[in-house]
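Protein sequence lines, in the order shown, are assigned to chains Y, P, F and D.
Take any residue in the first sequence, note its place counting from 1, add 1, and you have its number in the numbering used here.
Take any residue in the second sequence, note its place counting from 1, add 1, and you have its number in the numbering used here.
Take any residue in the third sequence, note its place counting from 1, add 1, and you have its number in the numbering used here.
Take any residue in the fourth sequence, note its place counting from 1, add 1, and you have its number in the numbering used here.
To be clear, the hints were calculated from the coordinates, so they are not data collected in a lab.
Hints may contain errors.
Because identical chains cannot be distinguished in the list, a pair is counted as satisfied if it fits within a single copy or across any two copies.
[To be verified] The calculated lysine-lysine pairs, modelled on DSBU-like cross-linking and capped at a C-alpha distance of 35 Å, are:
1) 13 - 299
2) 409 - 377
3) 210 - 182
4) 107 - 365
5) 30 - 321
6) 168 - 340
7) 366 - 182
8) 61 - 321
9) 255 - 182
10) 365 - 168
11) 62 - 168
12) 62 - 238
13) 299 - 61
14) 180 - 61
15) 279 - 365
16) 168 - 215
17) 255 - 12
4 protein chains.
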Amino acid sequence: MISISLENYLKKFNEIRRWTLHLCEPLQKEDYVVQPMVDVSPPKWHLGHTTWFFEQFILKKYMSGYTEFHPDFSFVFNSYYESIGERVLRIDRGNMTRPTVDEVVKYRHYVDTAMKEFLDINNNFDDQLFDLLNLGFNHEQQHQELLVTDLKYILGQNPLFPVYTSKKSGNVDDHYLEKLKFLDIDEGEYFIGYNGEDFHFDNEEGLHKVFLHKYQISDRLITNREYMEFINSGGYKDFRYWLQEGFEFINTNKIQSPLYWHLIDDEWYYYSLQGLEKINPDQPVTHISFYEADAFSKWIGMRLPTEFEWEIAARIYSPKVPLDGNFAEKEFFLPQPRKINNLQFFGDVWEWTNSSYLPYPFYKKPDDAVGEYNGKFMINQMILRGGSCATPANHIRHTYRNFFHPDKRWQFTGIRLAQHI
Amino acid sequence: MISISLENYLKKFNEIRRWTLHLCEPLQKEDYVVQPMVDVSPPKWHLGHTTWFFEQFILKKYMSGYTEFHPDFSFVFNSYYESIGERVLRIDRGNMTRPTVDEVVKYRHYVDTAMKEFLDINNNFDDQLFDLLNLGFNHEQQHQELLVTDLKYILGQNPLFPVYTSKKSGNVDDHYLEKLKFLDIDEGEYFIGYNGEDFHFDNEEGLHKVFLHKYQISDRLITNREYMEFINSGGYKDFRYWLQEGFEFINTNKIQSPLYWHLIDDEWYYYSLQGLEKINPDQPVTHISFYEADAFSKWIGMRLPTEFEWEIAARIYSPKVPLDGNFAEKEFFLPQPRKINNLQFFGDVWEWTNSSYLPYPFYKKPDDAVGEYNGKFMINQMILRGGSCATPANHIRHTYRNFFHPDKRWQFTGIRLAQHI
Amino acid sequence: MISISLENYLKKFNEIRRWTLHLCEPLQKEDYVVQPMVDVSPPKWHLGHTTWFFEQFILKKYMSGYTEFHPDFSFVFNSYYESIGERVLRIDRGNMTRPTVDEVVKYRHYVDTAMKEFLDINNNFDDQLFDLLNLGFNHEQQHQELLVTDLKYILGQNPLFPVYTSKKSGNVDDHYLEKLKFLDIDEGEYFIGYNGEDFHFDNEEGLHKVFLHKYQISDRLITNREYMEFINSGGYKDFRYWLQEGFEFINTNKIQSPLYWHLIDDEWYYYSLQGLEKINPDQPVTHISFYEADAFSKWIGMRLPTEFEWEIAARIYSPKVPLDGNFAEKEFFLPQPRKINNLQFFGDVWEWTNSSYLPYPFYKKPDDAVGEYNGKFMINQMILRGGSCATPANHIRHTYRNFFHPDKRWQFTGIRLAQHI
Amino acid sequence: MISISLENYLKKFNEIRRWTLHLCEPLQKEDYVVQPMVDVSPPKWHLGHTTWFFEQFILKKYMSGYTEFHPDFSFVFNSYYESIGERVLRIDRGNMTRPTVDEVVKYRHYVDTAMKEFLDINNNFDDQLFDLLNLGFNHEQQHQELLVTDLKYILGQNPLFPVYTSKKSGNVDDHYLEKLKFLDIDEGEYFIGYNGEDFHFDNEEGLHKVFLHKYQISDRLITNREYMEFINSGGYKDFRYWLQEGFEFINTNKIQSPLYWHLIDDEWYYYSLQGLEKINPDQPVTHISFYEADAFSKWIGMRLPTEFEWEIAARIYSPKVPLDGNFAEKEFFLPQPRKINNLQFFGDVWEWTNSSYLPYPFYKKPDDAVGEYNGKFMINQMILRGGSCATPANHIRHTYRNFFHPDKRWQFTGIRLAQHI
């Protein structure tokens with residue numbers, strides 16, 4: 002798994018760490034602290050937790066003479082690692098005003114300096130250390146995406162609807178929104194799972210064969226225009242389209258549209274990181290639960306793809322790497338209308354699949370703390386594929402498996418359709 | 002799907018309806034009424050609901066001149082059919098003291114008489130009616146099983162531990178409990194799903210191919226003895242064996258053993274329908290959640306089979322029909338030690354698989370009220386296979402898919418292990 | 002406190018015990034078991050608990066050679082006496098199908114027989130035993146009232162609205178419902194609390210003086226007609242009349258009328274033990290929370306009396322004993338229009354006062370288990386006075402203090418107004 | 002009620018507004034934002050809400066040409082005034098990161114400037130305006146106290162235990178802690194309630210007579226030393242001392258000591274605004290619920306005084322004004338050992354009484370929004386008297402009635418004992 006030189010590691014480390022702080026630049030101190038729902042973590046916590054990861058799993062284990070920054074920070078910034086010890090309850094993250102943002106930034110600098118020194122003087126890395134470094138990078142990238150979705154939630158539920166960025170997507174003349182078309186995939190045995198030398202998560206391992214019957218998958222994401230038709234035709238009120246738990250969920254929570262949508266004087270607006278504005282009907286719909294994606298697919302007479310169907314279709318029809326798409330680096334943080342040369346498999350929105358998050362046939366949970374990374378979450382969650390407009394471009398892969406509970410809406414989630422023919 | 006003559010239908014109708022009442026014979030009036038947890042329905046409600054099913058879907062639609070027994074009973078005995086209209090909230094079933102048991106039994110007689118008349122004078126059944134009749138039979142059989150598990154829960158949480166039956170399993174000299182052995186299944190493409198002319202549920206349809214890698218599956222169920230080793234070795238306290246939500250579940254609910262187990266003077270007892278008694282270590286362990294089954298499998302270094310692995314193994318190693326096993330007709334209502342000539346694929350306990358309840362590739366939800374039978378529950382539940390000691394023998398099939406949320410414990414649920422080699 | 006002879010005690014014991022069973026005569030077995038909300042106890046539980054009281058506090062302590070009926074019944078039928086030991090959780094009372102009604106009735110006979118024998122052979126009672134006997138009688142009378150309100154709740158939330166009694170109140174020609182008039186009470190020092198030799202509860206003790214300013218109190222209870230004006234004028238929607246917690250309570254629970262009221266085709270009906278029928282506008286309004294009583298009083302520009310104002314007014318204007326009123330013995334179980342010669346201070350409905358349930362100046366909590374009877378509830382509850390149509394006539398007194406939380410509605414509760422002038 | 006000149010009003014306005022900001026000086030930006038429990042408001046919200054009060058009730062109504070600072074701030078900073086309109090839900094206050102602290106401070110300056118201009122140019126105040134000004138001052142003082150208790154809670158539940166002030170109480174040589182002594186008060190009629198020309202709240206009005214029986218009240222507050230004896234003797238575990246709801250409260254919440262107490266290596270520490278340190282046994286115990294105060298009083302064989310007993314005793318034994326005591330201006334924010342010349346009726350801690358918060362006989366709720374200030378809270382709360390170490394000295398009076406629910410612990414609450422003799 003040693004794919005880049007140490008020098009490159011140092012460069013990558015610097016880049017990734019810098020990007021995290023870059024994402025925070027538009028924030029006010031106050032924005033760093035709160036947790037308006039349990040799924041959201043305060044930005045300050047993300048800054049500390051990603052730093053703690055390097056300190057806990059690399060510096061404290063591998064750097065001789067390393068002194069930890071503060072004895073209580075492990076308690077404050079551990080997320081869910083039972084093997085590491087006690088930690089602040091998830092629901093209390095938003096009550097921690099100390100350490101302050103400035104202290105957390107100091108913590109970052111302290112650990113970054115130590116990491117750079119460590120990476121500089123070591124030339125004798127074993128495989129496990131390389132794996133940990135790569136994991137640290139990818140871990141921080143995952144939190145970069147969460148940082149964006151969490152701060153969107155923090156700002157988006159504020160009655161003042163603050164603007165985070167004034168960056169607007171540019172010319173979209175070439176967007177391509179003809180009637181939905183479908184791509185064909187033939188029946189047969191296909192390989193699923195990661196097969197290579199680069200970084201990947203344990204949940205992608207276990208290369209294995211699946212048999213797929215002939216199917217079709219749509220050539221772009223579902224748009225706001227199409228989703229508004231679903232709303233206008235009474236889709237949220239007709240139990241026939243809904244899973245029972247989904248229907249209970251939308252009724253209990255009085256959900257009648259995607260998250261961040263507001264009906265003002267009979268027109269639909271949404272809050273994005275550009276502020277409150279009228280909905281662009283050509284953009285892919287986003288911020289919907291699995292339940293809504295599934296109901297939409299049934300309303301239109303189709304279904305969501307399985308994660309296997311998605312992976313094979315993406316490999317066949319969007320094989321080119323590096324992957325092209327509307328990723329975090331563009332800093333739109335808003336899905337864009339499909340361009341004529343892009344099938345939208347990557348970037349824009351995470352695509353809900355009708356596959357549960359379960360282990361691949363040969364999956365083996367790692368024994369150490371890293372084993373808590375993925376395996377213990379393999380229940381009651383659904384797989385999403387393809388990355389979003391908040392995902393760093395080099396974080397995503399054809400085989401990447403994201404997962405959330407079916408009621409989650411604060412991520413950039415969307416819909417691609419499939420059908421047998 | 003017309004496999005038996007009308008005369009046989011009448012016979013079958015009588016038999017099934019009689020068995021439901023037979024199961025209630027040991028009950029006191031008081032036992033019929035309560036609902037000690039939301040999953041449990043009062044026995045009285047089962048008697049009424051299964052009757053309502055025939056009245057609502059057959060008599061009111063197909064028998065000319067039929068007058069319904071009572072105008073409010075549809076409100077009282079509808080379970081979850083949105084298409085039929087308003088209904089008593091599930092959580093309020095246990096508050097309905099009226100209609101009384103005697104009135105519900107009258108309701109059964111009224112509907113039975115009408116059904117017999119209807120089956121007698123009709124000789125011109127169309128396919129849809131046959132399907133509905135079969136569905137009514139199988140629906141009632143499902144409620145017979147629920148009746149047993151629900152009344153076990155009602156009596157089992159009573160401090161007086163009432164005895165329901167004195168019927169004890171007979172001679173078990175031939176039981177076979179050598180060290181767990183494994184059956185081999187070769188890699189390849191296999192067909193999954195129902196393929197035939199007899200009754201089956203819509204969720205078994207969509208005959209399709211899956212690819213299975215070479216695997217092994219155990220030749221019997223896990224016993225109480227083996228499960229006690231798991232308990233004694235601290236299995237319930239070690240987070241490494243547990244899914245995160247499972248570990249939260251057992252800790253929040255202070256679960257340290259299967260449901261109905263009691264530690265009295267340092268010895269394990271359980272409540273069964275024979276009363277409170279010492280645990281027989283040779284019997285299959287039962288009344289455990291998916292979380293516990295999964296944790297046990299990880300503790301022992303293996304895993305649960307997928308539903309596909311289970312179905313193929315059962316077809317290959319227990320192909321004989323009619324199926325042999327410890328079913329409801331034996332009236333033990335308690336899993337029995339494995340006999341030398343039986344692999345326990347059928348009867349005894351429902352076997353948790355590590356497959357989520359999802360639609361098969363070509364699944365299509367029926368359009369009418371019957372469409373609410375299965376399809377709308379395909380989220381957040383796990384598949385169980387093989388039937389239990391409370392399942393009627395002719396209700397189960399190789400392809401039968403049962404499903405419950407992973408935290409449910411009041412059904413007769415148990416463990417079979419699998420592994421890749 | 003020895004006010005009646007032993008022979009009379011035996012007679013009184015028989016009468017009271019018989020009346021409890023008499024109240025249950027219209028019930029079906031099923032009605033005895035359920036607990037549709039936590040405040041309600043199953044009728045079966047009342048039968049057992051009142052019996053347990055005599056067994057626990059008298060027979061087991063005072064009758065030599067007494068053998069308790071069943072070793073587990075103390076666990077099942079203890080209500081809240083911490084000093085007696087473990088008990089079934091209050092919320093689980095409605096899940097106990099065993100002991101059956103027949104067994105509980107047997108338990109009653111067993112204890113009654115022992116009590117009669119005990120009362121027959123003893124001629125040497127000390128004061129404490131007399132106190133306990135009297136407490137047992139009054140305890141059973143309290144449960145007789147709860148039995149009526151609880152079975153009303155059980156039947157009243159059933160969609161079939163069962164009829165409990167066909168007894169209708171007779172001729173009401175002489176009812177007296179002129180415009181509300183007021184009784185004057187002069188300013189001065191008054192004695193409050195029990196002062197005599199007969200039975201009373203510890204919470205009435207502590208005879209003490211209070212100073213009352215000149216006030217007026219209404220000469221009858223508020224009627225359904227007057228309450229409907231409050232509803233029709235938007236009283237439930239105008240926050241200005243409500244205590245904040247009251248306004249939250251009615252909004253959270255979507256309360257827009259008294260309990261048991263139903264608006265059917267724009268006409269108000271209520272459920273009473275006579276079944277579902279149109280509301281009689283001349284009857285006193287009942288089944289309202291303190292919050293509603295208080296809001297009504299503010300809407301009309303007055304207030305509720307304090308418990309002291311009530312006690313003094315009742316003593317002055319309704320001094321005659323035995324008390325006259327619509328009590329349980331009439332078996333209407335429904336408040337009746339005011340008769341021309343009756344100010345309704347006693348019977349009909351419990352009258353909410355604007356006094357919290359607090360100890361009188363010289364109150365001392367008894368040391369033994371009986372000390373748990375009243376003292377430990379003196380927080381967060383409001384005082385009600387005067388008894389209701391479900392109270393036994395000889396159970397009530399001028400000084401009797403009943404108490405419930407301000408959100409309770411299932412008792413026969415109502416409104417009398419007061420004002421300073 | 003015109004007791005000070007306009008010039009003095011301006012001076013007082015400046016002083017009070019300045020003190021609020023002074024209290025915030027030790028805070029970091031992050032500390033201003035969070036709401037770790039529903040009773041606590043973020044410091045930022047206190048700054049805005051007190052400002053909104055002047056803007057809403059004075060400037061917008063009385064200052065011609067006044068332009069409000071921001072159209073959304075009324076929505077953000079209204080607390081509970083239904084008559085003013087919609088507002089941020091109380092539970093969401095801690096999720097509002099915007100407006101930022103800097104913007105709120107700007108808002109304060111803007112309103113302060115307008116208020117000063119307004120007070121400067123007006124010389125024609127009517128009574129109502131004087132009343133509103135006085136209410137605004139007292140309202141802000143109440144929030145100054147809440148600011149201190151809320152920020153103590155915010156910092157006190159942080160695992161880093163931040164220090165807010167290094168100010169330590171000075172020489173306490175003269176403290177006076179002999180065995181508890183008692184003051185006698187004779188039986189008789191006494192006047193209760195406010196009677197004068199200065200500012201007071203509506204809930205103190207209704208001067209009226211009460212009759213008090215002869216009683217004794219302790220000459221100082223209960224100390225930490227005495228409270229530790231209660232803890233050590235098992236007071237928290239013995240149900241006999243507790244109101245039932247209190248016993249449930251401490252058991253459900255696992256409460257075994259006052260809030261902010263920590264048992265570290267078998268020694269008691271507490272968190273105060275000076276940081277974490279060993280408990281001073283001579284200080285009055287504080288941060289206890291009514292339930293704990295009541296249980297302590299029963300454990301020691303006495304009781305809490307009523308609010309009437311407290312008021313009369315304070316008037317008789319501590320009549321001198323201006324009141325002397327450990328108030329907010331000392332900036333200890335920590336109750337101090339009793340000094341030889343001080344009975345501790347005022348300052349140090351709010352003293353729980355055994356009186357419910359109910360209206361005085363002639364109480365009349367004001368008609369306008371100010372009417373929502375007190376009257377609508379008169380249910381389920383207990384009266385506290387005397388002010389605390391966080392109360393501004395000139396805010397408190399002999400007749401001042403504070404009120405909290407009996408389970409509240411985050412205020413500076415404590416114990417004084419009473420008894421009849």
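Hint check:
1. 13 - 299: neither (44 Å within a copy, 37 Å between copies)
2. 409 - 377: both (19 Å within a copy, 19 Å between copies)
3. 210 - 182: For residue 210 and residue 182, both the intra-copy (28 Å) and inter-copy (27 Å) Cα distances are at most 35 Å.
4. 107 - 365: neither (38 Å within a copy, 58 Å between copies)
5. 30 - 321: neither (41 Å within a copy, 48 Å between copies)
6. 168 - 340: For residue 168 and residue 340, only the intra-copy Cα distance (19 Å) is at most 35 Å; the inter-copy one is 65 Å.
7. 366 - 182: between (40 Å within a copy, 24 Å between copies)
8. 61 - 321: Neither. Shortest intra-copy (40 Å) and inter-copy (61 Å) distances fail the 35 Å Cα cut-off.
9. 255 - 182: Close inside one copy (33 Å), not across copies (49 Å); limit 35 Å.
10. 365 - 168: For residue 365 and residue 168, neither the intra-copy (44 Å) nor the inter-copy (45 Å) Cα distance is at most 35 Å.
11. 62 - 168: For residue 62 and residue 168, neither the intra-copy (42 Å) nor the inter-copy (42 Å) Cα distance is at most 35 Å.
12. 62 - 238: Classified as between; 27 Å across copies, 56 Å inside a copy.
13. 299 - 61: between (52 Å within a copy, 30 Å between copies)
14. 180 - 61: neither (56 Å within a copy, 45 Å between copies)
15. 279 - 365: neither (48 Å within a copy, 38 Å between copies)
16. 168 - 215: neither (42 Å within a copy, 53 Å between copies)
17. 255 - 12: neither (48 Å within a copy, 49 Å between copies)
Checked against the numbered hints listed earlier, the structure breaks hints 1, 4, 5, 8, 10, 11, 14, 15, 16 and 17; every other hint is satisfied.
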